[in-house]
Amino acid sequence: MSTYSVVIEVPEDCDAAAAGETVELDVADSEYVLAAARDAGVWLPADCQQGWCTTCAAELLAGEVDQSDARRYFEADAEADLILPCTATPESDLRIRACQYDEMLDHRAAIDEPPGRSKR
Amino acid sequence: MADDDRRHGSGSVEPGSTDKRVGMEALRERGLDPEELRERLIDAIGAEFSTYYYYTNLRMHLAGHEDYKEITEDARLEDRAHFELVAPRVYELGGSLPGDIGDFMGRASCPHAELPVPFEGETPDLSQLDAEGILEVLLEAERCAIRTWSEICDMTHGKDPRTYDMASRILQEEVEHEAWFIELLSMERDGEINPAGHFVRGEPGDAPYSTNRRINDSA
Ligand SMILES: [Fe+2]
Ligand SMILES: [Fe+2]
Chain Y
1 MSTYSVVIEV
11 PEDCDAAAAG
21 ETVELDVADS
31 EYVLAAARDA
41 GVWLPADCQQ
51 GWCTTCAAEL
61 LAGEVDQSDA
71 RRYFEADAEA
81 DLILPCTATP
91 ESDLRIRACQ
101 YDEMLDHRAA
111 IDEPPGRSKR
Chain S
121 MADDDRRHGS
131 GSVEPGSTDK
141 RVGMEALRER
151 GLDPEELRER
161 LIDAIGAEFS
171 TYYYYTNLRM
181 HLAGHEDYKE
191 ITEDARLEDR
201 AHFELVAPRV
211 YELGGSLPGD
221 IGDFMGRASC
231 PHAELPVPFE
241 GETPDLSQLD
251 AEGILEVLLE
261 AERCAIRTWS
271 EICDMTHGKD
281 PRTYDMASRI
291 LQEEVEHEAW
301 FIELLSMERD
311 GEINPAGHFV
321 RGEPGDAPYS
331 TNRRINDSA
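Chains as they are written, first to last, in my numbering: chain Y, 1 to 120; chain S, 121 to 339.
A few of these clues could be false.
Claimed, not checked - Here chain Y is said to cover these stretches of chain S; the calculated rule only asks that three of the stretch's residues, wherever they fall, bring their Cβ under 8 Å from a Cβ of chain Y: (1) 229-242; (2) 267-278.
Unchecked claim - Cβ-to-Cβ under 7 Å is the rule here; a few derived chain Y residues that face chain S: (3) T22; (4) E59; (5) Q67; (6) S68; (7) R71; (8) Y73; (9) P114; (10) K119.
Everything labelled a hint here was simulated from the structure, so no lab data went into it. Predicted, not measured: the structure shown is a model, and the values here were computed from it. Glycine included, each C-beta is placed from N, C-alpha and C at the ideal position.
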């Protein structure tokens, strides 16, 4: 088992106590990034936690994740550097920007996929 | 001052205005964005509607497990009750149900509780289907519902008592649903006794906390 360093930028406008902060935590390669963050006291937005609703969406700034446990994730999401931390395990050290739900909805709408296409 | 000039209330809603709702502005005044809440509610009841549909199919495929079928039926009908309880609230918050059911299902906040089998085109391959697999799907669907309604409770707590009341009623039942499926799956898969602590509903899909018949006859 490997453990990676995950740096999470929490934007100023995020509805989270850590808004405006950049936090760093260790995440095992068997752990989901969202759960590890919440365990570490960094409460980030999420809903289904099954890689479906996209509430937890984040931008992958650096590194690689395994997103295969997500119930609805598209290749175009990965190409746009958008991930779902609720079902993403790290495969390297990571830097992500949390709270990218609106960006994810815009992206999904642009590629004509749900839920963005029904909400934009 | 002439009677016509007298204002009948304070706040941002003009007397007689039907363009705005005090029921929404009161939320905004308390720091809750009513439009954002409303959209979340549409997603959440999309998931309830989706489970109502998919549980119909799952329950049919529990052939030979009459006990599992009955409990799935309770969960199925209660999810429909959850949809019906909250649908009117979407309109109170100035929204509406999506005109296209495909849109509605696409934005459902939980995954569809599909039969856990490979699909060859439209036809599911039932040869690998068993009760254990179905119970796992049911359990994970309930867990998603718990997360969704917990989120709505968090959003509305102390700001929107009406939505909070609905969400907390639904959450009570979702927690019970999870307990039922933990009990059934524990025995079916692991041979373990893991009691839910409940006995069956008085009538199928009783929805003791959430049925809108008891709190809102008009819906
Ligand atoms: Fe439900
Ligand atoms: Fe349920």
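Is the shortest C-beta separation between Y:R71 and chain S less than 7 Å? holds, 4 Å
Chain S contact restraint for Y:K119 - C-beta distance below 7 Å: holds, 6 Å
Is the hint on Y:T22 kept, meaning its closest Cβ partner in chain S is under 7 Å away? violated, 24 Å
Restraint outcome when Y:Q67 is required to lie within 7 Å of chain S by C-beta distance: This hint is violated: Y:Q67 lies away from chain S, its Cβ roughly 15 Å from the closest one there, beyond 7 Å.
Close enough to count: is the Cβ of Y:Y73 nearer than 7 Å to one in chain S? violated, 11 Å
Just to be careful: measuring from the Cβ of Y:S68 to every Cβ in chain S, is the smallest value less than 7 Å? Nearest chain S Cβ about 15 Å off; hint violated.
For the hint on Y:E59, just tell me whether its beta-carbon gets within less than 7 Å of chain S. violated, 21 Å
Counting residues of the stretch 229-242 of chain S with a beta carbon closer than 8 Å to any beta carbon of chain Y, are there 3 or more? As far as the stretch 229-242 of chain S goes, the hint holds, because 3 residues have Cβ atoms under 8 Å from chain Y.
Take the stretch 267-278 of chain S, compare each residue's beta carbon with every beta carbon of chain Y, and decide whether three or more fall closer than 8 Å. holds (count 3)
Does the closest beta carbon of chain S sit nearer than 7 Å to the beta carbon of Y:P114? holds, 3 Å
Of the numbered hints listed earlier, those contradicted by the structure are 3, 4, 5, 6, 8.
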